[in-house]
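My request is simple: use the sequences and hints to build the entire structure.
These protein sequences, in sequence, are chains A and B.
For the first sequence, the numbering used here begins at 1 and goes up steadily by one.
For the second sequence, the numbering used here begins at 1 and goes up steadily by one.
Please note: incorrect hints may appear among the correct ones.
What the simulated footprint calls covered on chain B by chain A, stretch by stretch (three residues with Cβ under 8 Å from a Cβ of chain A suffice, anywhere in the stretch; the number is not a length) [claimed, not checked]:
(1) 23–32
(2) 42–52
(3) 82–94
Just a sample of chain A residues kept apart from chain B, beta carbon distances all over 12 Å, derived [said to hold, decoys possible]:
(4) Gly41
(5) Met60
(6) Pro227
(7) Gln258
Now the stretches of chain A that chain B is said to cover, found in silico as 3 or more residues with beta-carbon under 8 Å [unchecked claim]:
(8) 125–135
(9) 153–163
(10) 202–209
(11) 216–226
(12) 263–271
If you are wondering where the hints come from, they were derived from the structure by calculation, not from laboratory data.
Only a predicted model underlies this, so the values are computations on that prediction, with no experimental measurement involved.
Here a beta-carbon is modelled for each residue, glycine too, at the ideal position from N, C-alpha and C.
If you want the building blocks of each chain, they are given just below.
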Amino acid sequence: MQISSPPVTVSLLVGALTLMCVSVVQAAPNTFNTALPVAQGQTIWREQLVFRERSDDGPMDREVSVRVLGSVLGYGITSKLAVFGVVPHFFDKVLDVTTPMGRIERDAGGIGDVSLFGRYTAYQHDFTGGTFRVAPLLGFTAPTGESSDRDRFGELPRPLQVGDGAWDGFTGVVTTYQTLHYQVDGQLLYRENGRHDGFARGDETRLDASLQYRVWPLSLDGVSGTPGFTYALLESSLVHRERNDIVSGTDANSGGTQWLLAPGLQYITRRWVFEATVQLPVAEDPDGDAIQDDYIVRVGFRRNF
Amino acid sequence: MFKKCCLMLAALVLSAAALAAETRYVLGVDGLACPFCAYGIEKRLTKVEGVTDVQVDVGESVVRVTLEDGKTLSEAQARQAINEAGFTLRSYAEAESDRGGSDAN
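Right under this line is the structure:
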């Protein structure tokens with residue numbers, strides 16, 4: 001996907017979301033997990049459309065545009081243990097790169113690597129009008145996506161493939177402090193990526209934080225029942241990626257550290273959540289000419305069953 | 001005669017309504033702070049036999065439960081349903097009137 005005018009596109013997406021007249025729902029981060037409960041026997045369905053633009057400052061002037069739909073199903077086995085499945089569907093993943101032949105475009109698409117994880121609420125302190133919870137999570141990513149896709153130039157570069165061909169594992173902990181007025185979430189997550197056919201994506205460590213502040217209704221005085229809440233969001237993601245492993249060693253132009261901030265909006269009812277954020281880089285320290293995020297737009301919804 | 005018939009009819013209707021009165025409970029719930037979470041409570045409580053209506057008041061952290069005539073909701077049942085939804089039962093009370101009852105606090 002090529003977005004010629006990012007600020008306009010972003011404004012249109014956020015504008016479209018805020019204009020949606022739907023009655024709704026629960027606050028939770030848009031860019032990572034939450035420790036909020038999934039009731040026993042309850043199913044949560046989440047769809048999130050992600051537009052991601054990446055580039056580097058190297059001589060190849062690489063630009064990567066990704067359009068992916070992330071589908072998530074969560075189920076409460078007990079009030080404390082919930083399991084989630086994540087299926088990414090790449091509409092396209094396009095690389096524009098300068099080569100000796102000139103500027104070329106290569107692209108991949110299809111179902112990516114599917115993840116499954118479990119989350120257990122290990123600590124819970126409920127009080128009137130609020131809660132504090134801590135929940136470790138553990139999961140894996142299966143090599144369900146194509147990892148040897150080809151085009152007229154030959155096999156696509158491994159990082160461009162929609163799958164990495166390897167089993168990956170991840171673990172972390174997520175905390176949530178929620179009151180009627182605001183919610184603060186934090187997440188520490190480590191992902192170890194497996195090796196397949198001489199390639200392994202660099203392992204990833206990330207620290208995320210999110211503040212959701214209720215902006216409507218401003219006051220709950222005199223408001224009965226379960227009204228829809230509108231939250232303003234501000235999320236922070238500090239991500240460190242190791243270099244990719246390749247056959248000859250490590251790729252010097254991969255990995256690094258990046259800090260992104262994401263303002264956004266969220267509308268919540270009993271059954272629905274509608275949400276949108278725009279993640280923007282604040283600081284970055286890439287390894288070599290590693291590709292880094294320029295922006296990530298996320299628009300999606302959640303539904304209770 | 002007509003007046004007597006009317007009075008008897010009214011008495012009959014009122015007594016039948018009284019006999020068919022629903023049972024209502026007010027549950028105080030800790031940990032509840034958003035609408036999306038409220039649905040889990042509704043879902044668990046509506047599985048309890050005889051429950052006809054569940055109203056969650058997020059701002060007051062209370063849940064009003066209505067049961068059909070002759071059915072009851074014990075504190076243990078309420079606690080289990082609230083726990084299964086991922087929350088904590090703070091208080092339990094049978095409402096005095098059939099217009100939503102009083103705050104369990």
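Quick rundown of the hints versus the structure:
no.: 1; hint: 23–32; result: holds (count 4)
no.: 2; hint: 42–52; result: holds (count 3)
no.: 3; hint: 82–94; result: holds (count 7)
no.: 4; hint: Gly41; result: violated, 7 Å
no.: 5; hint: Met60; result: holds, 45 Å
no.: 6; hint: Pro227; result: violated, 7 Å
no.: 7; hint: Gln258; result: holds, 30 Å
no.: 8; hint: 125–135; result: holds (count 6)
no.: 9; hint: 153–163; result: violated (count 0)
no.: 10; hint: 202–209; result: violated (count 0)
no.: 11; hint: 216–226; result: holds (count 6)
no.: 12; hint: 263–271; result: holds (count 4)
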